[in-house]
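Enquirer: Read off the chains here:
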Amino acid sequence: MSTLTRSAHDMGGVAGRGAVGPEIDEPVFHAAWERRAMALTVAMGATGAWNIDASRAARESLPAAQYLASSYYAIWLAGLERLLVERGLATRDELAAGHALRAGKPVARVLRAESVAAALAAGSPTSRDARSQPRYAVGQRVRARTLRRRGHTRLPRYVQGRVGEIVALRGVHVYPDRHANGGPPFDEAPEWLYTVRFDGAALWGEDAETGLSVSVDAWEPYLEPEAAR
Amino acid sequence: MGTDHDHAHDPASQLDPMELRVRALETLLVEKGYIDPAALDVLIETYERHVGPHNGARVVAKAWHDPTYRDWLARDATAAIASLGFSGRQGEHMVALFNTPETHHLVVCTLCSCYPWPVLGLPPVWYKSAPYRSRAVREPRAVLREFGVALPDETAVRVVDSTAEVRYLVVPMCPAGTDGWNEEQLARLVTRDSMIGTSLALCPRERRRGEEAG
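Listed in order, the protein sequences are those of chains P and D. Note that the working numbering gives residue 136 to position 136 of the first sequence, counting from 1, and the numbers run on in steps of one. Note that the working numbering gives residue 103 to position 103 of the second sequence, counting from 1, and the numbers run on in steps of one.
So here's chain P without its partners, still in its complex pose:
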């Protein structure tokens, strides 16, 4: 295939995953532990010990067989445990014991009940002031690069190497491929973000459904001019 770096989470276009199974009147959570796993993940994210891109990177780097066999919140939980250990906030023996065996590491903040509403309402905007001109304009045809490097990216494999058209500029946003690594402090150096639309046939050839197009949001480093190759 076009790249060496696809992992299990990068699912677009993969065959053999079966039928979509919507659940009638689905509850928000399917078990009490899912509630706590969601809330623990959000609350630990609020400490500032890592960011959303690091969280995604941690989940994506689970072994493929584990990722595919795990329920959604089980993946979150495994990602959270991995980050705690990687960032030195807890150790494997503490996770196994279910108790602190050592003092905690200082964190930037602890999310308190009374500040939850304000924290959620504020969110974590990723847009930044533009300090450069965008390289591409609406209507321009661009090729999604073929990535071979290791590490976190938000450029799905099914568009890599394919040519599409810029349909919108979304401003300048923190670049996840750098933001996921290290910190705090995090590397928030932003890049221009574009919506790039691909014809179904450019992605899937003669298999493409009638009238299909697919767009992705792609940071400028993911793109090159159509002619460059």
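Just to be clear, a hint being listed does not mean it is correct.
Now the stretches of chain P that chain D is said to cover, found in silico as 3 or more residues with beta-carbon under 8 angstroms [unchecked claim]:
(1) 98 to 106
(2) 132 to 144
(3) 150 to 163
(4) 184 to 192
Pair ranges (Cβ atoms, derived) [unchecked claim]:
(5) D:85 to P:113: 18 to 24 angstroms
(6) D:82 to P:187: 27 to 33 angstroms
(7) P:92 to D:83: 21 to 27 angstroms
It is worth saying that the hints were derived from the structure and are not from the lab. Beta carbons: idealized from backbone N, C-alpha and C, even for Gly.
The hints should help you fit chain D onto chain P, whose structure is shown.
Expert: Coordinates of chain D only, in the frame set by chain P:
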């Protein structure tokens, strides 16, 4: 939102290994001083009881009802949606996608589960699942048929893969037979799935069950 599916006090779940693992983790993180357990309760209550597709339905109904609001939503969805009180986490950068007879939009996150929390709440399991994430970009018409939606061949299907922090809200077409309806009545026709693009808005005669006026 799921209030009649509350398994929190189901005695069988007390023995679940995942339950034990998460409790152990919570204990550890409290002892370490990283989390306030009361904050967890507020987070859970927020997403289980308060934030959900009824928020998005208000946005859509207002866009159907009020052309000025619709223009604002098209121009600056983040601000237009925030004006109704819906903003923040996983909805910091909103874009509205308007379905028409010519173009149907379908939103997916092939890489994880990106979803506009302030307007739709937390995503359903199918949205986060391998079948939807793999197939939505490859054979959306087939996926739509499984949701009971058969689009005419002339309707283009635009699949939108949420790969960055932009979050997308589909504005379905307003069903016929709703002339003179107010926003509250219109909102009852707007389902969660119609705002993802896996279904259409309800017809007036099939308004959401259990949510009749009064």
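Enquirer: Indicate, hint by hint, whether the structure satisfies it.
Expert: Okay, the hints, checked on the actual structure:
1. 98 to 106: holds (count 6)
2. 132 to 144: As far as the stretch 132 to 144 of chain P goes, the hint is violated, because 0 residues have Cβ atoms under 8 angstroms from chain D.
3. 150 to 163: holds (count 4)
4. 184 to 192: Our answer is that it is violated, as 0 residues pass the Cβ test (under 8 angstroms) against chain D, missing three.
5. D:85 to P:113: 18 to 24 angstroms: 21 angstroms, holds
6. D:82 to P:187: 27 to 33 angstroms: The hint (27 to 33 angstroms, Cβ to Cβ) holds, given that residue 82 (chain D) and residue 187 (chain P) are roughly 29 angstroms apart.
7. P:92 to D:83: 21 to 27 angstroms: 48 angstroms, violated
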